[in-house]
Amino acid sequence: MNVGTNVSDDCVTEFNNLKLGKQYRYVIYKLDKDNNEIVVDHKGARDSTYAEFVSHLQNESRYAVYDYHAQTDDVPPRQVEKLVFIFWSPDTNQPVKQKMAYAAGKEALKKKLNGLSKEIQANEPSEVEETEIKKIVLN
Amino acid sequence: MNSDEIISVVADIGNLYTRAGFTGDDFPRWSTFTKCTETMQFGDESLGYGNGQVLDILQPFNPDLYENLLKKMFEKLGVQSKDYSLLLANNFQTKHDLQKVVEILFESVEIPNFFTIRNAALSTFSAGRSTALILDIGAYSTTASAVHDGYTLLKTQIQAPIGGEILNEPFRQFVVGEYNQFKKTCLARDIKQGLLTYEQIDTTQQYELPDGKFIQMQQAQLSEIADKLFNSNDNFKGIQHMLLDIINNSVNDIKQQLCSTVISTGGSSNIPGFLNKLQTTLSALAPPMCKIKLIIYPSNQNRYHSVFIGGSILASLSSFQSLWVAKNEYQESGKFSIIERKCPN
Chain A
1 MNVGTNVSDD CVTEFNNLKL GKQYRYVIYK LDKDNNEIVV DHKGARDSTY AEFVSHLQNE
61 SRYAVYDYHA QTDDVPPRQV EKLVFIFWSP DTNQPVKQKM AYAAGKEALK KKLNGLSKEI
121 QANEPSEVEE TEIKKIVLN
Chain B
1 MNSDEIISVV ADIGNLYTRA GFTGDDFPRW STFTKCTETM QFGDESLGYG NGQVLDILQP
61 FNPDLYENLL KKMFEKLGVQ SKDYSLLLAN NFQTKHDLQK VVEILFESVE IPNFFTIRNA
121 ALSTFSAGRS TALILDIGAY STTASAVHDG YTLLKTQIQA PIGGEILNEP FRQFVVGEYN
181 QFKKTCLARD IKQGLLTYEQ IDTTQQYELP DGKFIQMQQA QLSEIADKLF NSNDNFKGIQ
241 HMLLDIINNS VNDIKQQLCS TVISTGGSSN IPGFLNKLQT TLSALAPPMC KIKLIIYPSN
301 QNRYHSVFIG GSILASLSSF QSLWVAKNEY QESGKFSIIE RKCPN
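Going down the list, the sequences are from chains A and B.
Residues 1 to 139, numbered by UniProt numbering, are exactly what the first sequence covers, in order.
Residues 1 to 345, numbered by UniProt numbering, are exactly what the second sequence covers, in order.
Read the hints as simulated data drawn from the structure, not as lab findings.
Every residue, glycine too, gets a C-beta built ideally from N, C-alpha and C.
Check each hint, because a few of them may be wrong.
Subject to a maximum C-alpha distance of 30 Å in a straight line, what follows is the list of computed BS3-like cross-link-like pairs (lysine-lysine) [claimed, not checked]:
#	chain 1	residue 1	chain 2	residue 2
1	B	K342	A	K30
2	A	K111	B	K95
3	A	K82	B	K291
4	A	K110	B	K293
5	B	K255	A	K19
6	B	K255	A	K112
7	B	K255	A	K97
8	A	K118	B	K342
9	A	K43	A	K30
10	A	K112	B	K155
11	A	K118	B	K293
12	B	K293	A	K97
13	B	K291	A	K97
14	B	K293	A	K30
15	A	K97	B	K183
16	A	K97	B	K82
17	A	K30	B	K255
18	A	K97	B	K342
19	B	K291	A	K110
Listing some non-contacts, in silico: residues in chain A with all C-beta distances to chain B over 10 Å [claimed, not checked]:
#	residue
20	E14
21	I28
22	K43
23	V54
24	L57
25	R62
26	A70
27	E81
Can you make the complete structure from the sequences, with help from the hints?
See below:
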């Protein structure tokens, strides 16, 4: 349900730079101070590691798009590339209002990002480990 | 709360309890029974004393009494209805009932703006999620719903006529004294809340009555009562099966998410040991590849008030303000169709 959260133009521009321009490995988004508009928080260089990405997911909710590459276990192995949407919503310490503003704003952002293949909702670090994202991408 | 925030009224009018208050509050300022006396008195003081009939406002839906309840609500909150937008939790059985209420609100109570959204969606939001499998154990009925991205999936929603009130019955025997039916039920409910548990207790549970006498009950007796929520009979499958049915009937894409975001709400979820029992029972029956994870609200109060809290926060978001249905929109659009368009469900 789209509650009308604004999505800055930047969000779409940088998403396209990732998707089409292959300039980034990931883009992280956040709500601005008033919880009214979604803006770009971080962009990860194309050669960033997954660990670097996860280091940005701390005590506050975030949205992210990650261009994940994986290899299947087939012989010979197939290359799989998927754009994964990650909704990071940690249960600790965040005021409920902020958590809810992120939950309510998710649809507004997803609507603007065309070409997302998979989605993960993660509420604790174990749910956003690389093994989890690999599982989703290869399924 | 800064002065730029516009305050609205949020109401969750359930079959037994009504909770109302303001956006930004984490607790409803007015809590009462969704019942009144023949002379339109509200509140347990009036309902519990005297020999007059106690009238139900919902079950079945009584528009005249409902209108009185709405007006009383604004009075009790200390505000003029024409100055405050109202977010009303949608627990209506039929579109017709909702339509009638919207008409009452705009034309008789005269609110300026309105919005409605399903209870299940509000409970989901109040847990900081937009997708969840909600088990709402109400007073007279239990509803299991899948909520996906804020939309309550009505096609797979299941309702059963078992709720917290049925668990009062075995405790009535301990209520002695000259009370009317309503008051007797309240006392039985109090005893239930004091004694009922799923946990293995070493000693017998005790409850002190107002007159100083103690009631004792054995673990076995209490288990038998508490298990009514999980046991199946002619018209009820057990709450675990209600949830499993939804999981099994959901498309694969969201099955995983529903399993890993199970939320139980409603006062009965506060029975000691209930959440553990629900977790173990569900995990044992869940399909393979579906790991059941129960999301716990931070406090017991959230389970009574999750719908109110969800509404309170949702309607306080600045991004939400464009969603209100204004009175003139309602009047110009041919009335109900605008509600269907702007309030997803």
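- Message: Would the non-interface assignment of L57 (chain A) survive a Cβ cutoff of 10 Å against chain B?
- Response: 15 Å, holds
- Does K97 (chain A) lie within 30 Å of K293 (chain B) when you go C-alpha to C-alpha? 23 Å, holds
- Item | Holds or violated: K82 (chain A) to K291 (chain B), with C-alpha atoms at most 30 Å apart | 24 Å, holds
- Query: K255 (chain B) and K97 (chain A): Cα distance at most 30 Å?
  - Reply: 27 Å, holds
- I28 (chain A) and chain B, when compared Cβ to Cβ, separated by more than 10 Å: 18 Å, holds
- Query: Going straight from one Cα to the other, do K342 (chain B) and K30 (chain A) come out at no more than 30 Å?
  - Reply: Holds: K342 (chain B) and K30 (chain A) sit about 26 Å apart, inside 30 Å.
- Message: Just to be careful, I want the Cα atoms of K291 (chain B) and K110 (chain A) compared with a cutoff of 30 Å; is the pair within it?
- Response: Given pair K291 (chain B), K110 (chain A) holds - Cα atoms ~26 Å apart, limit 30 Å.
- Take the C-alpha atoms of K111 (chain A) and K95 (chain B), compute the straight-line distance between them, and say whether it is at most 30 Å. 29 Å, holds
- Do the alpha carbons of K97 (chain A) and K183 (chain B) lie within 30 Å of each other, as the hint requires? 38 Å, violated
- Regarding the assertion that V54 (chain A) does not contact chain B, is the least Cβ-Cβ distance greater than 10 Å? 19 Å, holds
- Item | Non-interface claim for E14 (chain A) versus chain B (Cβ beyond 10 Å) | With a cut-off of 10 Å, E14 (chain A) remains clear of chain B, as the shortest Cβ separation is near 21 Å.
- Query: Do the alpha carbons of K112 (chain A) and K155 (chain B) lie within 30 Å of each other, as the hint requires?
  - Reply: Status holds; Cα separation ~27 Å.
Hint 15 from the list above is the single one not met by this structure.
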